[in-house]
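A.B. asks: In order, the protein sequences belong to chains A and B.
Residues 16 to 106 in the numbering used here are what the first sequence spells out, letter by letter.
Residues 838 to 1309 in the numbering used here are what the second sequence spells out, letter by letter.
If you are wondering where the hints come from, they were derived from the structure by calculation, not from laboratory data.
Source: prediction; values computed, not measured.
Built from N, CA and C at the ideal position, the CB exists for glycine as well.
Any given hint might turn out to be false.
Unchecked claim - Chain A is faced by these chain B residues, among others (derived, beta-carbon under 10 Å):
1) 900
2) 910
3) 943
4) 1059
5) 1060
6) 1121
7) 1150
8) 1151
Claimed, not checked - Here are a few chain B residues that face chain A, going by a calculated C-beta distance under 10 Å:
9) 923
10) 968
11) 970
12) 976
13) 977
14) 1171
15) 1175
16) 1199
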Amino acid sequence: MRLVVDLNRCQGYAQCAFLAPDVFTLHGHEALRYTPYADDSRREQVARAVAACPVGAILLDDLPENLPDDVAGDGAGGPADGLHAAGPGVG
Amino acid sequence: MSAERGGGGEGDGSLERLRRDGRIVIVGASLAGLRAAETLREQGFTGSLTLIGDEPEPPYDRPPLSKQVLLGTVDADRTTLPRRRAIGARWRLGTAATGLDLAARRVRLAGGEEVPYDRLLIATGVRARPWPHPAEADLDGVFTLRTGRDAARLRRRLAAGPRRVLVIGGGFMGSEIASACRELGLPVTVVERGPAPLVGALGGVIGQVAAELQRAHGVDLRCSVMVTGLEGDAAGRLRRAHLSDGTALEVDLAVVALGAVRNTEWLAGSGLGAGPRGVACDAGCRAFDVRGLVTDDVFVAGDVARTPHPLFGYQFLSLEHWGNAVAQAEVAAHNMVSPGPDRRPHLWIPAFWSAQFGVNIKSVGVPTMGEELLIAQGSLAERSFTGVYGYQGRVIAAVTFDQTNWLDFYRRQIETAAPFPPVCRTVDRRPDGLRPVPADFPDPSLPTHGPTVTLSGYSPTDRRIVFTPARG
Ligand SMILES: Cc1cc2nc3c(=O)[nH]c(=O)nc-3n(C[C@H](O)[C@H](O)[C@H](O)COP(=O)(O)OP(=O)(O)OC[C@H]3O[C@@H](n4cnc5c(N)ncnc54)[C@H](O)[C@@H]3O)c2cc1C
Chain A
16 MRLVVDLNRC
26 QGYAQCAFLA
36 PDVFTLHGHE
46 ALRYTPYADD
56 SRREQVARAV
66 AACPVGAILL
76 DDLPENLPDD
86 VAGDGAGGPA
96 DGLHAAGPGV
106 G
Chain B
838 MSAERGGGGE
848 GDGSLERLRR
858 DGRIVIVGAS
868 LAGLRAAETL
878 REQGFTGSLT
888 LIGDEPEPPY
898 DRPPLSKQVL
908 LGTVDADRTT
918 LPRRRAIGAR
928 WRLGTAATGL
938 DLAARRVRLA
948 GGEEVPYDRL
958 LIATGVRARP
968 WPHPAEADLD
978 GVFTLRTGRD
988 AARLRRRLAA
998 GPRRVLVIGG
1008 GFMGSEIASA
1018 CRELGLPVTV
1028 VERGPAPLVG
1038 ALGGVIGQVA
1048 AELQRAHGVD
1058 LRCSVMVTGL
1068 EGDAAGRLRR
1078 AHLSDGTALE
1088 VDLAVVALGA
1098 VRNTEWLAGS
1108 GLGAGPRGVA
1118 CDAGCRAFDV
1128 RGLVTDDVFV
1138 AGDVARTPHP
1148 LFGYQFLSLE
1158 HWGNAVAQAE
1168 VAAHNMVSPG
1178 PDRRPHLWIP
1188 AFWSAQFGVN
1198 IKSVGVPTMG
1208 EELLIAQGSL
1218 AERSFTGVYG
1228 YQGRVIAAVT
1238 FDQTNWLDFY
1248 RRQIETAAPF
1258 PPVCRTVDRR
1268 PDGLRPVPAD
1278 FPDPSLPTHG
1288 PTVTLSGYSP
1298 TDRRIVFTPA
1308 RG
């Protein structure tokens, strides 16, 4: 699972740090530090943290990894963890 | 197949054709490029989408590189950006764009291939400004920090326990690197040309607080001093740095944090208004050509863009901020596939954060425009405060040290051009906050390193004027 926190939006409510302490921690009074990659065993914890964030600052993606390019048949080094051939509107 | 030029071509159905099966090419596959691609799909674009990026990795997040990655709590290759949705794109990663033919609407790739487009988004960002002496920059032990690979290399050297780290430049990047070094227990010297760290971005009053913060954490901070030379040993390893005050430092690791250079070289001679200061665009993210005319099929977003902002006197802002890249990408993508009347201006209020020495520093607005500063809440001595910047009698920016909850209030003050000094009777003011003081920015005519916000009027004097044939 990949995640990113919009730290402009983050207000340091620390809900995430309570709900998923292995992934989110507060450093000092209000600086949030997090692991941008969490393994699957943390899925539930992290999902709870995402839901609990009062400012909706956490973006988590659950899209599959290690799949071929978004669009099949196009050469030149697609992302190793890119997404499957997905038409617009999918996902 | 391809949309007509001009106004999105609404009326004759060409915009509908573009949205259905047009070709959109995005150059620069990082934060702005990815968020734009997602927004295009969200907006119903079903045509072909190509992302061209010279880095081999899929889009990843950079802010952790100077923080968690240097500390060793996150691996450099583990900051891949989450996706908001699948985008069904052709990815051309590890491939640089080397040229643009505006008339023929083609992007040239390294290797000679050309990629045609109906709409183009330029999101090529910036790169670290290298140490100006190439032979010294090549010494083993001299680093810059912009990419995941830079961060991985630097992390390895920090973990190996250097005798002393020299950080050249006390802007946000340099300060965060110094903070990580201290947290790792490494001796670190910061050399800053200005009178204090962060002075270019936040002014001298706040810079003084940053200086005390660094010293309290054991940084050997040298201000109003420049590094004049880096010296290697016979094997080409860095061993010493020479400073403008005549002293020398024994160091085996130096990080050059002197700001950034915009990635616009690939646009040289294209006829676009692109140069060392970025690619100029209108508030709707449409690029200007060298004549100062706005294009209608070439858009710009992120660190490489310069955009006029109505709230800040229509000055062209170059914002090297994460939040700007996201917001501008969304506006650019929306406008790329929308008819004229539905287009939106990029009216985002500049905002950024930086975490250093355990303090959460955040800002909104454009502090560098500030003439005066009022400490409206908290106190400088406690390093927990809200500083409000005033410009011509209105609130123009705010900065917080560990007081993020105040920032939203001042963002609204900025949006509504609220009077400065702000009246806020419900809150007790500390002695710091009784009257405004000069914000104390360095004289802009003197060189400083890498403020994160730079203001400039639009003048293409730094560019060669090249007339491209009229397009039809
Ligand atoms: C170490 C670090 C820490 C940061 N910390 C913060 C922070 O705490 N807060 C904050 O607000 N911001 C921070 N930032 C800034 C933030 O990361 C940037 O604003 C953001 O990355 C901008 O995104 P972008 O997509 O516009 O540009 P970039 O991320 O620079 O991406 C541009 C991409 O285009 C590629 N490219 C360039 N030229 C070409 C070409 N000719 N052809 C193909 N591809 C090309 C580049 O290689 C790159 O992959 C930090 C940046 C760094 C480096």
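A.B. asks: Next step is simple, just say for each hint if it's right about the structure.
C.D. replies: Results for each hint:
| no. | hint | in the structure |
| --- | --- | --- |
| 1 | 900 | 7 Å, holds |
| 2 | 910 | 7 Å, holds |
| 3 | 943 | 17 Å, violated |
| 4 | 1059 | 25 Å, violated |
| 5 | 1060 | 24 Å, violated |
| 6 | 1121 | 22 Å, violated |
| 7 | 1150 | 23 Å, violated |
| 8 | 1151 | 24 Å, violated |
| 9 | 923 | 3 Å, holds |
| 10 | 968 | 29 Å, violated |
| 11 | 970 | 34 Å, violated |
| 12 | 976 | 31 Å, violated |
| 13 | 977 | 29 Å, violated |
| 14 | 1171 | 15 Å, violated |
| 15 | 1175 | 16 Å, violated |
| 16 | 1199 | 7 Å, holds |
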